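Peer 1: Sequence:
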Amino acid sequence: MMMMMMMRTTTTTTMFRLIGRPSLRSLVTRRSLHYAQARSQTSLRPNCMRCFSTTSRLLEFDKPFEGVTAAVSDLIYKHAHQPQTSVSLKVLMETGRGEKIDYKTPTDPSITHEHSATELVLMQVASFLRRELPIRLAHRIHDLERVPLMREMESVKLVKQLYTQSLLELVEFDTQIKSIQQEEAFAELVESIYKRHSKVLVQMARGAHEFRNHVAQTHRSTGQNHLFAHMEETHAFLDRFYLCRIGIRMLIGQYLALREPPLQNYIGLICDVTSPYEIVKRAIDDAAYMCDRKYCDAPDVVISGRLDLTFPYVPTHLHYIMLELLKNSMRATVEFHGIDADYPPIQVIIADGKDNEDVVIKVSDQGGGISRSNSEKIWSYLFTTADPSVQEGMIGTNATELDHSTDAPLAGLGYGLPISRSYCRYFGGDLSIMSMEGYGTDAFIHLARLGNSREPVPI
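Quick note: the sequence shown, position 347, residue 356 per this note's numbering, numbers continuous.
It is worth saying that the hints were derived from the structure and are not from the lab. Quick caveat, the model's predicted, so the values are computed rather than measured. No residue lacks a Cβ here, since even glycine has one placed at the ideal position from N, Cα and C. Watch out, some of these pointers could steer you wrong.
Heads up, simulated DSS-like pairs for lysine-lysine below, C-alpha to C-alpha not over 30 Å straight-line [stated by the list, open to error]: (1) K208 <-> K363; (2) K208 <-> K386; (3) K303 <-> K386; (4) K99 <-> K109; (5) K166 <-> K386; (6) K166 <-> K109; (7) K208 <-> K109; (8) K303 <-> K208; (9) K204 <-> K109; (10) K303 <-> K363; (11) K386 <-> K290; (12) K290 <-> K166; (13) K208 <-> K290; (14) K290 <-> K363; (15) K166 <-> K99; (16) K208 <-> K87; (17) K290 <-> K99; (18) K99 <-> K204; (19) K386 <-> K371; (20) K371 <-> K99; (21) K166 <-> K87; (22) K386 <-> K363; (23) K303 <-> K290; (24) K386 <-> K109; (25) K99 <-> K363.
Distance windows between CB atoms, simulated [what the hints assert, rightly or not]: (26) P92 <-> Y448: 39 to 49 Å; (27) P354 <-> Q170: 31 to 41 Å; (28) N383 <-> N222: 33 to 43 Å; (29) C305 <-> E103: 47 to 57 Å; (30) S125 <-> N365: 16 to 26 Å; (31) S125 <-> Q273: 13 to 23 Å; (32) D351 <-> S380: 17 to 27 Å; (33) Q170 <-> K87: 17 to 27 Å.
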């Protein structure tokens, strides 16, 4: 490791050359529960909705859902016709702390006498998810049903079947949550759904791969290019789908993390003193490991700016974003300058001020940049610079979250940048790229620092 530090009034600079990869502690651990026993208990209408904000627009439907019975189609219609409920980082934190709980003015006083404050928090969150998850899944099934051409891909049909299965399981859990035993049974159910849905990212990548092959084959045989005809609608669908998938997994992951023994400074998945500096260091280590495995070397990284900054955020989200950007910068730098060259260091700048609405992180490299003709393609789920054989190998694997780990190829599914942007936008931030072809690329991560931006739940 090589390290250089310069002390200033408000900023510090550090150079890193990190080898190895520390493991991240999982916040979601399976525990043994008793589903059937709790299903038989009596019900209570949950009172948790005042903590959240509900969208008002509703969907329109023009035909029954394909591949399911009329009864299931009606059930999907019923839930997809209901508005989704958006949440903010601030609301998730306040709910996890028990600061926004209706048991303070309960309709059934016996509940507060029978359960601890922690149990009441879990019961409220479970009650919210019991209502909200079927609605969100139904909206996604509707989207999967309506997207042109891509809905015909076998992998996309499998995702729709998986979401339908999860929706039916949640609806069949018809017991409203009045006791901790019922809450435990519900936790077992949603944990199984959480694990099952870990396959969706690779499955949808497989669907996009099938879609590209279908379009190419159609173009060769007929001369018609459906890709351009449906490009905008397909990209809008994929952006919407992945943003909503982040939301579903955030809600379930937050609930399951609240059930675990608390970690210092954490409220579920949210750390109220998230340090961008510490997360960037970890991402450097992981990206360097991957680059070194591929090229037997990796560029150094210099971090400067507000190294002492902390703010409430989800560390796993920020780590994913930083890892993707650093992987791209390291790969571009090595390939542009050549193996065994004297690589210019990658620069990471953390900026913040007390009156700033955003925490901004800039990642700058001298990796040759991106051509203007390819500048929009970097946000496309249908475009990747990865070797086709590598991508086919990845989408052919049974791995569930392979592209989220350091075991993935340095250039994998080609989803890294658009999904990183979705992670930024989920809590009100954004990701932008500026490039100088022949020189390098600057990436700007904007993260809303107040935590009061609600999910951009699309309809």
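Peer 1: Hints numbered earlier in the text: which of these fail when held up against the supplied structure?
Peer 2: Hint check: 1, 6, 7, 10, 12, 15, 22, 24, 27, 28 and 30 fail, others pass.
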